[in-house]
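Visitor: Full structure from sequences and hints, please.
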Amino acid sequence: MDVSRGASHAEAAPSTGTTIVACTYKGGVVFGADGRVSIGNYIMNRASNKIAPLSDYIFLCRSGSAPDTQIISDNVRHYLHQASAESGEEPSVLMAANLVRLLNYNNKDHLVGAMLVVGWDKHAGGQLYGVPISGTLAKEKWAIDGSGSSYIWGYCDSEFKEDMTRAEAENWVKEALALAMTRDASSGGTIRMYTLDDAGVHYTYIPGDQVPQFMGDLPFPTGGPVGAVLGSAGREGGMVIG
Amino acid sequence: LGTSIIALTFDGGVILGADSRTSTGNYIANRASDKITPLCDNVYTLRSGSASDTQAIAGYVQHFIAQHQAEEGDQVTVKTVANLVKMMAYNNKDFMQAGLIVAGFDKHGGGQVYSISLGGTVTATPFAMSGSGSTYINGFCDKYWRENMSEQDAMEFITRALRYAMTWDASSGGCIRTVTITAAGVKRQFIQGSQIPPTYGELPRQQVVA
Numbered sequence: 001m002d003v004s005r006g007a008s009h010a011e012a013a014p015s016t017g018t019t020i021v022a023c024t025y026k027g028g029v030v031f032g033a034d035g036r037v038s039i040g041n042y043i044m045n046r047a048s049n050k051i052a053p054l055s056d057y058i059f060l061c062r063s064g065s066a067p068d069t070q071i072i073s074d075n076v077r078h079y080l081h082q083a084s085a086e087s088g089e090e091p092s093v094l095m096a097a098n099l100v101r102l103l104n105y106n107n108k109d110h111l112v113g114a115m116l117v118v119g120w121d122k123h124a125g126g127q128l129y130g131v132p133i134s135g136t137l138a139k140e141k142w143a144i145d146g147s148g149s150s151y152i153w154g155y156c157d158s159e160f161k162e163d164m165t166r167a168e169a170e171n172w173v174k175e176a177l178a179l180a181m182t183r184d185a186s187s188g189g190t191i192r193m194y195t196l197d198d199a200g201v202h203y204t205y206i207p208g209d210q211v212p213q214f215m216g217d218l219p220f221p222t223g224g225p226v227g228a229v230l231g232s233a234g235r236e237g238g239m240v241i242g
Numbered sequence: 001l002g003t004s005i006i007a008l009t010f011d012g013g014v015i016l017g018a019d020s021r022t023s024t025g026n027y028i029a030n031r032a033s034d035k036i037t038p039l040c041d042n043v044y045t046l047r048s049g050s051a052s053d054t055q056a057i058a059g060y061v062q063h064f065i066a067q068h069q070a071e072e073g074d075q076v077t078v079k080t081v082a083n084l085v086k087m088m089a090y091n092n093k094d095f096m097q098a099g100l101i102v103a104g105f106d107k108h109g110g111g112q113v114y115s116i117s118l119g120g121t122v123t124a125t126p127f128a129m130s131g132s133g134s135t136y137i138n139g140f141c142d143k144y145w146r147e148n149m150s151e152q153d154a155m156e157f158i159t160r161a162l163r164y165a166m167t168w169d170a171s172s173g174g175c176i177r178t179v180t181i182t183a184a185g186v187k188r189q190f191i192q193g194s195q196i197p198p199t200y201g202e203l204p205r206q207q208v209v210a
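Heads up: the protein sequence lines correspond to chains R and U, in order.
Residue numbering for the first sequence follows my numbering, starting at 1 and increasing by one per position.
Residue numbering for the second sequence follows my numbering, starting at 1 and increasing by one per position.
The hints are simulated quantities; they were obtained by calculation from the structure and are not laboratory data.
Here a beta-carbon is modelled for each residue, glycine too, at the ideal position from N, C-alpha and C.
Certain hints may be false.
[What the hints assert, rightly or not] Pulled from the structure, derived: some chain U residues nowhere near chain R, Cβ distances all over 10 Å:
(1) Gly2
(2) Gln62
(3) Ala165
(4) Ala183
[Claimed, not checked] Short derived list, chain U residues pointing at chain R, Cβ under 10 Å:
(5) Asp41
(6) Tyr136
(7) Ile137
(8) Arg163
(9) Phe190
Guide: So this is what it looks like as structure tokens:
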């Protein structure tokens, strides 16, 4: 994600350094994000969490400006909490998406947040809303965003089917992320993935060495000379990077 | 030439595929362009980047290769043609914006694909794609491309990949043209826009005018 904001953010979307992927399936929603935060060529965080909870069953996938999306998620979490206190019920996903959208729209000159609002409520089950920069709100069956998403439009379109099973949907999200992370230098590291259904929230963390590898990638180093070097550096109290 | 172009080798030859849209800004200047240009009998090129630059290069290369063919007295190799295209691109790199893929069949090396990028680098690969639309199908092609496919599988792969590139890239679209080059010769095929199945969110083609 772009941690340092450039001179003019009202122009077309800056390089976001993220891949976020979400889809609905028969029974709920699955969504996930990569973990890389980079400043130029330096990876500031290789295992960041780009998915923010807005309520117990509603989440925000964040891409675009890191500070902007953090502020948006904090504000909407607060509003939703108030709304659910007043209504006595769990907030609806549409309300959460609308709140995010209103922040984007009313502050369009200042904010650069391309987000997905995903959640489960008892009115309409699993839902996914795209809330891109400038304040559009679009209900979608599947959605992707972030710099890495450019590379997987073809894959996602070709593979998505309505009414997938949970396993198919999770595989779709995981492979889409892995393919984007293969080709986008600003996406990578780890995969964090959530599945929401009527049973609740299921979280999967896929560390970097277990992310599916595709053509052109070197396999993650295991054991051997590289492992020995890293291992010994750790034992001797040296810094282990990577 | 906002474009989607793909070439790949298969068991017996090469297939070149392209969309057909040429746009100036938001206006589609030609919705049925032919981006697959012959350089000699057994070698064709896919053009992306500036339409005029690539047409100029193709014109020069056709001329010089015809001469070379006459002197050689035999089939020109794909590598020779690709090298000549590279010379044009490299020696005029400050004045041009041309991304070409040169592909063909010769009896020494079989089917070959050479990709010549903006600065004049040549890379020989079994599969190559270029143009603005190719970005969106990186994931798809990484997942589904295999070496040594059959002609039928290769054709299906190319048309599927182009279909998605044409959907998601505004500068690509229209119809799909392919050229298959084997030892037997050259075969041209054309898939009309209305025959390309719609993708996510698209209206079925009968309802669309252009």
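Visitor: It remains to establish, for every hint, whether it holds in the given structure.
Guide: Comparing the hints with the structure gives:
Even its closest Cβ contact with chain R, about 14 Å, leaves Gly2 of chain U beyond 10 Å, as expected for a residue assigned away from the interface. Remark: the non-interface label on Gln62 of chain U is consistent with the geometry, its nearest Cβ contact in chain R lying 33 Å away (cut-off 10 Å). Consistency note on Ala165 of chain U: stated as away from chain R, yet its beta-carbon is not over 10 Å from all of that chain's, at 6 Å minimum. Listed as outside the interface, Ala183 of chain U is consistent with that label: its C-beta sits roughly 28 Å from the nearest C-beta of chain R, beyond the 10 Å cut-off.
Hint on Asp41 of chain U is violated. Least Cβ distance to chain R is approximately 33 Å, over the 10 Å limit. A hinted interface residue such as Tyr136 of chain U counts as satisfied when its beta carbon comes closer than 10 Å to some beta carbon of chain R; here the least separation is about 4 Å, so the hint holds. Evaluation of the Ile137 of chain U hint against chain R yields a held restraint, the C-beta minimum of about 4 Å falling below 10 Å. Proximity of Arg163 of chain U to chain R holds as hinted, the smallest CB-CB distance being about 9 Å (cut-off 10 Å).
Using the Cβ-Cβ criterion of 10 Å, the hint placing Phe190 of chain U at the interface with chain R is not satisfied: the shortest such distance is roughly 22 Å.
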